[in-house]
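**Student:** Protein chains in written order, with UniProt numbering: chain A, 1 to 385; chain B, 1 to 385; chain C, 1 to 385; chain D, 1 to 385.
To be clear, the hints were calculated from the coordinates, so they are not data collected in a lab. Worth double-checking, as some hints may not be accurate.
[Said to hold, decoys possible] Here are the simulated BS3-like pairs of lysine-lysine, each with C-alpha atoms no more than 25 Å apart in a straight line:
#1 C:Lys-113 - C:Lys-52
#2 D:Lys-49 - B:Lys-278
#3 A:Lys-52 - A:Lys-62
#4 D:Lys-52 - D:Lys-113
#5 C:Lys-62 - C:Lys-52
#6 A:Lys-278 - C:Lys-278
The primary structure of each chain is shown beneath.
Number of protein chains: 4
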Amino acid sequence: MNFSLSPELRDLQERTRRFISEEVIPFEHDSRLSSHGPSEGLREMLVDKARKHQLLTPHANKEFGGLGLSHLAKAIVFEEAGYSPLGPVALNIHAPDEGNIHLLEVVATEAQKERWLRPLVLGFIRSCFCMTEPAPGSGSDPGMLRTTAVRAGDDYLINGTKWFITGASGASCAIIMARMEDGTATMFLVDTDQAGFNIERQIDTLDTCFVGGHCVVKLDNLRVPATDVLGQVGEGFRYAQVRLAPARLTHCMRWQGAARRAHDTAADYARTRYGFGKPLIEHEGVGFKLADNQIDLHSARLVIWHCAWLLDQGEQGRHESSLAKVLCSEAQWRTVDRSVQILGASGVSDETIVARIFRDMRAFQIYDGPSETHRWSIANRIARE
Amino acid sequence: MNFSLSPELRDLQERTRRFISEEVIPFEHDSRLSSHGPSEGLREMLVDKARKHQLLTPHANKEFGGLGLSHLAKAIVFEEAGYSPLGPVALNIHAPDEGNIHLLEVVATEAQKERWLRPLVLGFIRSCFCMTEPAPGSGSDPGMLRTTAVRAGDDYLINGTKWFITGASGASCAIIMARMEDGTATMFLVDTDQAGFNIERQIDTLDTCFVGGHCVVKLDNLRVPATDVLGQVGEGFRYAQVRLAPARLTHCMRWQGAARRAHDTAADYARTRYGFGKPLIEHEGVGFKLADNQIDLHSARLVIWHCAWLLDQGEQGRHESSLAKVLCSEAQWRTVDRSVQILGASGVSDETIVARIFRDMRAFQIYDGPSETHRWSIANRIARE
Amino acid sequence: MNFSLSPELRDLQERTRRFISEEVIPFEHDSRLSSHGPSEGLREMLVDKARKHQLLTPHANKEFGGLGLSHLAKAIVFEEAGYSPLGPVALNIHAPDEGNIHLLEVVATEAQKERWLRPLVLGFIRSCFCMTEPAPGSGSDPGMLRTTAVRAGDDYLINGTKWFITGASGASCAIIMARMEDGTATMFLVDTDQAGFNIERQIDTLDTCFVGGHCVVKLDNLRVPATDVLGQVGEGFRYAQVRLAPARLTHCMRWQGAARRAHDTAADYARTRYGFGKPLIEHEGVGFKLADNQIDLHSARLVIWHCAWLLDQGEQGRHESSLAKVLCSEAQWRTVDRSVQILGASGVSDETIVARIFRDMRAFQIYDGPSETHRWSIANRIARE
Amino acid sequence: MNFSLSPELRDLQERTRRFISEEVIPFEHDSRLSSHGPSEGLREMLVDKARKHQLLTPHANKEFGGLGLSHLAKAIVFEEAGYSPLGPVALNIHAPDEGNIHLLEVVATEAQKERWLRPLVLGFIRSCFCMTEPAPGSGSDPGMLRTTAVRAGDDYLINGTKWFITGASGASCAIIMARMEDGTATMFLVDTDQAGFNIERQIDTLDTCFVGGHCVVKLDNLRVPATDVLGQVGEGFRYAQVRLAPARLTHCMRWQGAARRAHDTAADYARTRYGFGKPLIEHEGVGFKLADNQIDLHSARLVIWHCAWLLDQGEQGRHESSLAKVLCSEAQWRTVDRSVQILGASGVSDETIVARIFRDMRAFQIYDGPSETHRWSIANRIARE
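Next comes chain A alone, as it looks inside the complex:
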């Protein structure tokens, strides 16, 4: 066993940290940020900076323009990127593009890769992932999928409503999950400017860090040629798993950086702000919270590293990524919540970045499987041991 990082990885970590600090954090109060996320213009500017620093889309294969990072290397770099709410946007490793890129690398044909993957990796376009549906469709339970794809000559006709589709507004392409006539599911690749792909509205959400926000998308007789099926017909649910285990882990990585930022901000405040005759950090009521932050950050990081290493060994890591998702989403949240409390008025307002992290992070306990679904899966595996 060995917990050391290679010199190359340390260097990449250090470069990313400096990039975030010097090139990204200064834009955290940019006027191009709205309640539905950074604007496309702001994104392009940040992506351009990352490109210049050779930090763009680092998880993608080298042949398409990435750095070909291992899962473990991602754990290091993504944590650094997550230190700013704008970091993942700048590095082009934000959800859902990061996971879509991974899925396309694994499943897409060469032609599909050239058409969609290459510009995604280069940061020229954005994508979305159309799976979740409003009740009574598929939310936490993918089996409740109601969007349909029906064969019509050489094409498929897709109908249904998707919601909470992150980044749909402004995305150039979409991966759509639909139910076939035989009950199986298939994934389709589509350009969003096509007739039948309609963004109904943007949903107002707690978080504000995702480019394009979260949208309701109506699919109205959307016609997709059979050549744009992603992978095999009927394999949609399996591909969702291919996408989900690593995607869920990269969320853990990015939010790890955000939680560390909240902690650092609270610790700085507690060191310098006085109350009742001494610095706040010397009050155990404050200091113990910071200690608990470190314990939570430490264990969350180790759990991420372990799972990333497993994936690097070629394992699916479904059990371990469930453990990691629950632990990280809750430990990181506790860290942010304690930081808010320590910061007081500065924690519940935009006087510091922490209130924004607080808003951005709450949904992490819900998306990519709420804690309850993962606990159920874990228990299920224990039952079958």
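Given chain A, put chains B, C and D in place with the hints provided.
**Tutor:** Just chains B, C and D now, kept in the frame of chain A:
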């Protein structure tokens, strides 16, 4: 001992509940709501409705136009009002006016009451309470007060910076806490349109339920006649206590309603939304959360009632209101947080009211004494037992 | 609403408190205590003391020799008694006799009362309640009852195994729950010296406060005359509910006293013991724990009082007693656990009484319905609202 | 980074697991176990078994008869040993001998090693560590040390009272910490059969797994030759740190095994025991608890491994061992507590081993620095960052 409510109080409870449901909730998505709270116009409309239903400013003395409610009666009515983020605004029982009205009733001269209390009770104007200061001034520790009042003839000249002054924007009058040359503190009553009372900016905060938002106020040679001292010179810290114990409890009352709303919303959702083959509420992972909500709501309500009864007996209730503040702000928060989790996507977005309650309520663990300060006070009393 | 106690009740509270302090606590290290509870001799001595102080069996009807306390009065007196692990034994209000006495008062015939209830109330004999069975019989799920009662002429023949039968060793009589041939359940009253009632062994348990410990009882062709059926044939499950709601609440009352004792012991220690330059209680890490103890004790007490009042109004209180059981068993446990932590070495050893309370109280989250069963019931009622 | 174990270590893990399962667990209900731990005879029998399996004292240097395990290898082997309350005794890796052996290896002279270390490593004798004192002496705060050592010719005369001295009864030798006339502290090596070393009594404690229990030791003019000073005069506090960081981590390792045992026992029960129509584990209220157990066990194990690796790199790891101590002692405890709850009656009695683990483990949050002291240290380091 007796936990029953009088028929009159039950009737008032029922009337308030119906008023909130029929007259207030329909305006929860009104366009006059901004990130800095309901507009003055919306407030006036709601206050007018409450006036017509004879529910306006119910805690104020009857002679000034209120219903003269006891603390216990307030516990019942304020919980009902808190069921909507707009309820306290409609009934004119929102912070800080509710506490200011109480303080003026206890301390102000007859002339001061006519000039400021009467229009406040009638809902014609709003007020603010200028105590908190930015570092290194008084935050959780009132002893760090830095705003000064210096005698100048028949007047006082006040200088300093106040922040997180709730409702300052749009308020007609203010109560200002300042340090005297001898180190004691005094409260002053001022009209906000006076030279030297300057609102520097509105702070962006998590919460959006307070009319006028939260402001930074610069006091720049603000001249106050000695007749506008509130109560006695040098008694400011004591009056702050007079205001705080009941004010802290009325927060508990209002948020109790908000937490119940979150719970009801989540319970409705869990009864009707299906996942994995049955209604969500039949999954223990969801049902147990709702059970915990009820346990938290039940104990919080009893602790509020007990403390209100104590205050009605003429006791100061400083210990009990500290117990209530910590328990309620944390139990109600847990309730809201669990409700968010149950609601999933609908809990972290404006698809339901719960995300707004989540945002509005977080600061309750901080203002009127953060949990840490109250735990310290409680421990201090145990130490001296 | 009114939280005051009558002068009579205050007096009874004070008398009980003094009795426990002066007459009971001195025997807490008596040599007649074993890992299976106080000996019969010690019990008789303590009961005799209570009899002399007119505090014996205070919950029983006056006509049988009790004080006829209301549920609310029990809340006051039982908390005082619970302050010592020996207090409930002394006052003859320990489980299972306390609940059995209540059940007999409600359901037994006059002849049965004379034969069994009267000596129980007078503290001359003890009883047990034979319901729980080892797997695959009835544990938390009473529907899994496997002990059978078969009609044989004027008698019933009972066969089965019961376990965790508190107080069976040394009990003179037993209430036995058995399944009838038609699937319903019936309760029977039996003398334990009868053929077919065999105590197989005493189980080694964490707790040591119950007289007679917890036993495995084999019922081997136990013959019971039909006249000794308790109440109506086939009504066993219903009577179990009659017994359980108040019995579960009296557990809350007694353990409330025990938790307060743990807190008081820890607070005394923290006031007088020094570490790192000041009394432990002045360290927030200790003081905050004591504050949380008070918050937990306060809310648990109010929840008990409220439920007791409801029962006094003639309500069944099944929902409220479930809320109370979960809240109290967990809040009181947290209080004891924090007290152990504060006391350090003195908390995990017999240097103070707290380690014993810790051992005695853990099972309270399990018996009379584990927290999980009550949460399920509460959720179930929310589902049907 | 790399989480794999070498084939040799896997083999050792497997051998230890089988040894515990086949040779140690069968003795868990041996009659030679008392409330003050396993008897010396039982210990010798188990040690003999370990010797035959070449698993005795595996952490000691090879030259003295151990296996010379690295810290990481200890993490693997000690977890396996901790799976039974008797496992650490059998392998001779129990507290305090395990830590004493480490300290002697680092600090003792060659002559001292021959005299005391060799027979300790061979399992022929036991030792104790006399540091903790009753109030007002040194408990959590070592600076309050009151036992004195005064020079008398070539000897020192030691006077004082020590308590909670684990294993003192039956130990052949002791390491004693005493305050010098100049205020520094020194460690002394003594044989316990010497005049002036008196065991006053054994303390009754929650735990029952330590050979010799926990004793009060009176040091009454105990004469120690200057040659038996351990290391340098005046370096006692520093050596205590040398001993503590690894000793604290080996506690984490052993209790990790115990917590896993509790979890496995609860999981087996939940798979096979039915309630309300299905196996308990299929109730989310139970399954989620088991999932949380796995999350806690997983993160605790990773934190242990990481800290062990750091120590293997030659780092002191004081910060990381504090993080590990708090996280492990609390996460492992939660695991055991949940297991108790799942097991119900079988969890609070000796029907399973879990009640004993529950009793044995509670003090782990207290000894070797209570959680509060470690949180304080962690906060202190954050303050100085």
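**Student:** Hint by hint, work out which the structure violates, then give me just those numbers in ascending order.
**Tutor:** Going through the list in order, the structure violates hint 2 alone and respects the others.
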